[in-house]
Amino acid sequence: MADNTFMLEVVTPEDILLKEEIQFLVVPGSEGELGILKNHAPIVASLKIGVLKYKMPDETVQKVAVSGGFMEVIDNVARVLAETAEHGASVDVLRAKAARERAEKRLAQRVEGINNERAKLALQRAIARIKAAS
Amino acid sequence: MAGAGVREFKRRIRSVANTQQITKAMKMVAAARLRRAQEKAEASRPYNETLQGTVARLSAVALDVKHPLLEKRDEIKKIGYIVVTADRGLCGAYNTNIIKMANQSMEDIGGAAKKTVIAVGRKASDFYKKRGLLAADFINLGDNISYVDARAVAQYVIEAYETKELDEVFLVYAKFINVLRQAPTLTKVFPLEPPEESEGSAPHFIDYIYEPSAEAILVSLLPRYVGSLIYNSMLEGKASEFGAKMTAMGNATENAGELIGSLNLAMNKARQAAITDEILDIVGGAEALKK
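Going line by line, the protein sequences match chains A and B. Following the numbering used here, the numbering of the first sequence begins with 1112 at its first residue and continues without gaps. Following the numbering used here, the numbering of the second sequence begins with 883 at its first residue and continues without gaps.
Treat the hints as calculated values from the structure; they're not laboratory data. It should be emphasised that the depicted structure is a prediction, and the values quoted were computed from it without experimental measurement. You may find that some hints are simply not true.
As the list claims (entries may be wrong) - Going by beta-carbon spacing under 8 Å, a handful of chain B positions derived as facing chain A:
(1) 926
(2) 928
(3) 929
(4) 934
(5) 1063
(6) 1066
(7) 1067
(8) 1090
(9) 1091
(10) 1097
(11) 1098
(12) 1110
Said to hold, decoys possible - For the chain A half of the interface with chain B, some residues (derived, Cβ under 10 Å), not all of them:
(13) 1123
(14) 1124
(15) 1127
(16) 1129
(17) 1131
(18) 1132
(19) 1133
(20) 1137
(21) 1153
(22) 1157
(23) 1179
(24) 1182
(25) 1185
Claimed, not checked - List time: in silico DSSO-like cross-link candidates among lysine-lysine, alpha-carbon distance up to 27 Å:
(26) A:1231 - A:1242
(27) B:948 - A:1159
(28) B:1011 - B:960
(29) B:960 - B:892
(30) B:1012 - B:996
(31) A:1231 - B:1012
(32) A:1231 - B:948
Idealized CB from N, CA, C, for every residue including glycine.
Produce the entire structure from the sequences given, and follow the hints as far as they go.
The following block contains the structure:
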């Protein structure tokens, strides 16, 4: 194992999605993307809906769609907590695209209030999943 | 007639044995589902514990954070109860115990405040619908609880609390202790009280960077924390339900066994009595011929 790696854990309420030694991590922080390398200072950051990218020790890049949450880094363990998270490879692109269209349609109707907010979030989630898959 | 009594017994024994077979099968099914439910609860632990730890640490750092979910209301007019029960019966006193605890608490607290119930599970929904207390229900969730179900419940109560539809919210569910014991538990959800930092957890003198700030992160985590509280209670509830069902069905199987035993005894007695009667008849007849 290379000595420039650290642990990444992606945890959802239903399971631990992944637990791996990685080289480099980029998360969608609520104020912009954050890059994490080994020996990062302890940090707690809130995340927005988006795509989390990480580089494996063999230089391959993997993507995971996350639905917001937060990340905590301490002692070379980065733990990402999200309500839902999905590997890019296992995203059902057709379903994600259908979800995007549904959300766009609902937004086009321009009804104010909670449903509008929900449609916006659904749209962001769908876009994140499509991006993670590509 | 001799054979009639015996035949009646045979019929009943067969029917009890059939029931026994069904209860035995239900017990085994409950055991399998209990194991699955426990695995699920186990799988949710890392998320819940990390979230709880972080919320505790953040609320120790961000002291003056203001959030509608943390706000205590001076006047409590409406109290909501999230009551988590099963969709189905046949699990002993499981549902009754939970509903009993909720009712007790409704009598004890809040005085004249109006009480409403958010039912999770059909048993609670049916019970409170009859009494006109039902505000919303979440039923037919199946045995495989997903986080999405819990989030729907959380979203409903968060909205109700923020719009002042409810001024206080309690959660009633059965905590799983072991197969034989499920403890009905009542906890307060709103106003939200962040968990205390437990002894021996990560010491908070570690100088974290908070991005964007401790307050902002805490605010974004509070709704998720509510979701995880409810998800957790639903998982515990499922495990408890199957534990209770296993015990109930185990008892039913045992009782059926006892019943079959006593029916067998009664049947043999009736058979012997019938034989004795017949012998007496024959002997009596023979005696009469002799004369």
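Going down the list of hints, with the structure as the test:
1. Below 8 Å, beta-carbon pairs count as interface contacts, and residue 926 of chain B has one with chain A at about 5 Å; its hint therefore holds.
2. Satisfaction of the interface hint for residue 928 of chain B is found here, the shortest Cβ-Cβ separation to chain A being roughly 5 Å, below the 8 Å cut-off.
3. Checking residue 929 of chain B against chain A by beta carbon gives a least distance of about 5 Å; that is within 8 Å, so the hint holds.
4. With a least beta-carbon distance of about 11 Å to chain A, the hint placing residue 934 of chain B at the interface is violated under the 8 Å criterion.
5. Look at residue 1063 of chain B: its Cβ only gets to about 26 Å from chain A, farther than 8 Å, so that hint breaks.
6. With a cut of 8 Å, the hint placing residue 1066 of chain B at the interface with chain A is violated, because the nearest CB-to-CB distance is about 23 Å.
7. At its closest, the beta carbon of residue 1067 of chain B sits 20 Å from a beta carbon of chain A; the interface hint therefore is violated under the 8 Å criterion.
8. This hint holds: residue 1090 of chain B has a C-beta 5 Å from the nearest C-beta of chain A, less than the 8 Å allowed.
9. For residue 1091 of chain B, the suggested interface contact is upheld, since its CB lies about 4 Å from the closest CB of chain A, less than 8 Å.
10. Interface restraint check: residue 1097 of chain B against chain A, minimum CB-CB distance 11 Å, threshold 8 Å, status violated.
11. Look at residue 1098 of chain B: its Cβ gets to within about 6 Å of chain A, closer than 8 Å, so that hint holds up.
12. Against a cut-off of 8 Å between C-beta atoms, the interface hint on residue 1110 of chain B holds, since the closest Cβ of chain A lies about 6 Å away.
13. Checking residue 1123 of chain A against chain B by beta carbon gives a least distance of about 6 Å; that is within 10 Å, so the hint holds.
14. At a threshold of 10 Å, the smallest CB-CB gap from residue 1124 of chain A to chain B is about 4 Å, leaving the interface hint in force.
15. The interface hint given for residue 1127 of chain A is met, as the beta carbon of that residue sits about 6 Å from the closest beta carbon of chain B, less than 10 Å.
16. Using the Cβ-Cβ criterion of 10 Å, the hint placing residue 1129 of chain A at the interface with chain B is not satisfied: the shortest such distance is roughly 12 Å.
17. A distance limit of 10 Å between C-beta atoms decides the matter here; for residue 1131 of chain A the minimum to chain B is near 15 Å, and the interface restraint is violated.
18. Given the 10 Å rule on beta carbons, the hint for residue 1132 of chain A is violated: about 18 Å separates it from the nearest Cβ of chain B.
19. Hint status for residue 1133 of chain A relative to chain B: violated, with the closest Cβ pair at about 18 Å, above 10 Å.
20. The interface hint given for residue 1137 of chain A is broken, as the beta carbon of that residue sits about 14 Å from the closest beta carbon of chain B, more than 10 Å.
21. With 10 Å as the threshold, the beta carbon of residue 1153 of chain A comes within range of chain B, its nearest partner Cβ sitting at about 5 Å, so the hint holds.
22. Hint status for residue 1157 of chain A: holds, given a least beta-carbon distance of 4 Å to chain B, under 10 Å.
23. Because the closest C-beta pair between residue 1179 of chain A and chain B is about 8 Å apart, less than 10 Å, the hint holds.
24. Evaluation of the residue 1182 of chain A hint against chain B yields a held restraint, the C-beta minimum of about 9 Å falling below 10 Å.
25. Residue-level restraint check for residue 1185 of chain A holds (minimum Cβ-Cβ distance to chain B is 7 Å; threshold 10 Å).
26. Taken as a hint, the residue 1231 of chain A and residue 1242 of chain A pair is honoured in the structure, with Cα atoms around 17 Å apart against an allowance of 27 Å.
27. A threshold of 27 Å between alpha carbons decides the hint, and for residue 948 of chain B with residue 1159 of chain A the separation of about 21 Å falls inside it, so the pair holds.
28. Taken as a hint, the residue 1011 of chain B and residue 960 of chain B pair is honoured in the structure, with Cα atoms around 18 Å apart against an allowance of 27 Å.
29. For a cut-off of 27 Å, the pair hint linking residue 960 of chain B to residue 892 of chain B is broken: about 59 Å separates their Cα positions.
30. For the given pair, residue 1012 of chain B sits about 17 Å from residue 996 of chain B by alpha-carbon distance, which is consistent with the 27 Å threshold.
31. Proximity of residue 1231 of chain A to residue 1012 of chain B is assessed by CA-CA distance (about 38 Å); at most 27 Å being required, the pair is judged violated.
32. Taking the CA atoms of residue 1231 of chain A and residue 948 of chain B, the gap is near 26 Å; set against the 27 Å cutoff, the hint holds.
Of the numbered hints stated above, those contradicted by the structure are hints 4, 5, 6, 7, 10, 16, 17, 18, 19, 20, 29 and 31, listed in ascending order.
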